[in-house]
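Chemist: Residues in the sequence shown are numbered consecutively from 1126, following the numbering used here.
Do not rely on the hints blindly, as some may be mistaken.
Said to hold, decoys possible - Calculated cross-link-like contacts (lysine-lysine; reagent style BS3-like; alpha-carbon spacing at most 30 Å):
no.: 1; residue 1: K1335; residue 2: K1324
no.: 2; residue 1: K1223; residue 2: K1324
no.: 3; residue 1: K1223; residue 2: K1203
no.: 4; residue 1: K1160; residue 2: K1223
no.: 5; residue 1: K1160; residue 2: K1203
no.: 6; residue 1: K1260; residue 2: K1223
Keep in mind the hints are simulated off the structure, nothing from the lab.
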Amino acid sequence: MGRTKTRQKGSITVTSSTKISSSSTAPTPAALLAKAQDLITQYDYDLAQRFIQRALEQEPENGEAREMLGFVELERGKIEAARQIFTSLVPPSPTALKNPPPAIYLSLAQLTDSDPHSALDFYQTAVDMLSVQLKGKARLNDANDGEEIEARKLVVQALVGMNCDNLLNLALQMDPQNAEALQSLASVRMSQSRPEEAKETVERAWAIWKDLDPGIPLSISLEAKRRWLPLEPIDDPLVPLIPSRLSLTRLFLELSLFAPALLVLQGILATDDQEMEAWYLEGWCFFLMGERAREGGTTIDGLGWKELMRDARDCLEACQTLHTAQCHPDEQLLQHVHELLSELDNAGIVAMPEAGQDAGGTADSDDWEDVDEEEDGDVEMG
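Assemble the whole structure, with the sequences as input and the hints as a guide.
Modeler: So this is what it looks like as structure tokens:
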């Protein structure tokens, strides 16, 4: 089972109230936890963890501190440490809290991958507790609307988690080689801030059909890649439909898996070179690669940052043209394209002149033009 966020980053809260003592010269556990909570709102989880540990050194059984530590470890990516802490906070652990909050059961459900039945039990416990809370609030005229809204959100998260992971597990039990089920699971893992598991799962999904897609070397020009495109689109039942492959590409980009993303996009454009979103994603991919190459002062598969950015511009301009021609409704995508093109302008990567014309309108080669060629090393991306 997977973990979904049960609370927004920077807003981790605990069940106990915190009061700061101003009369003591040495920091009290309450003061240390208050400082930790402040650091959490600043996303400084490493330093917050140190303050919580100091509080626990003074009061090892402090439930508020232990609960807070569990959520901080979760944010730090210390999944096993967080699981052990949360397990110690609920029965039958001898160190269980008297009244563990539903959020702890939700977290345990989301962290219990190896035992779906236990995960389902944790989810059900959280739902039952939250339902009781909501019924109690409904009977109170002065119920706190904010608390009720939060409780309802947690119920929905629990139910979604129960159904999403369980349905995907059931699907994969029926067909372990189902690429779309694996891809959906990878997307869930990304939403749960578990990128390593997402990476492993999405690569398994792609491996099922990638050999059916044409392999195009990355270290050749974009124009040459076009010549590598197959004359016929891929026609195999194992290859997902274009919308699914576009979603796969987005997952690859989120995980910075640029080469697989480009290969999938090439297959899509081989099937339909009018697929506007594929041009957008390819341009975005080249842009991200160009940023990485420039920041690292290196090349990616033999391509320098300027070459990558030129390819990015070519793809983004193709996307822009198709967006207008197709009267595409996705204005947010077009806005992002404009932002990326603006950053390319600022970096000195300008539009290619018309075929056979240089920037001044005279005959010239088809090479790209860069602004201030001698000073391009000093140009900064926006």
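Chemist: With reference to the structure, classify each hint as holding or not holding.
Modeler: A quick look at each hint next to the structure:
Our distance criterion of 30 Å between C-alpha atoms is met by K1335 and K1324, whose separation comes to about 15 Å. Distance restraint check for K1223 and K1324: the Cα-Cα separation of roughly 39 Å exceeds the 30 Å cut-off, and the hinted pair is therefore not satisfied. For a cut-off of 30 Å, the pair hint linking K1223 to K1203 stands: about 25 Å separates their Cα positions. Under the criterion of a C-alpha separation no larger than 30 Å, the hint pairing K1160 with K1223 is consistent with the structure, at around 25 Å.
The suggested pairing of K1160 with K1203 holds, with an alpha-carbon distance near 21 Å, which does not exceed 30 Å. Restraint check for K1260 and K1223: satisfied, since their Cα atoms lie roughly 21 Å apart, inside the 30 Å limit.
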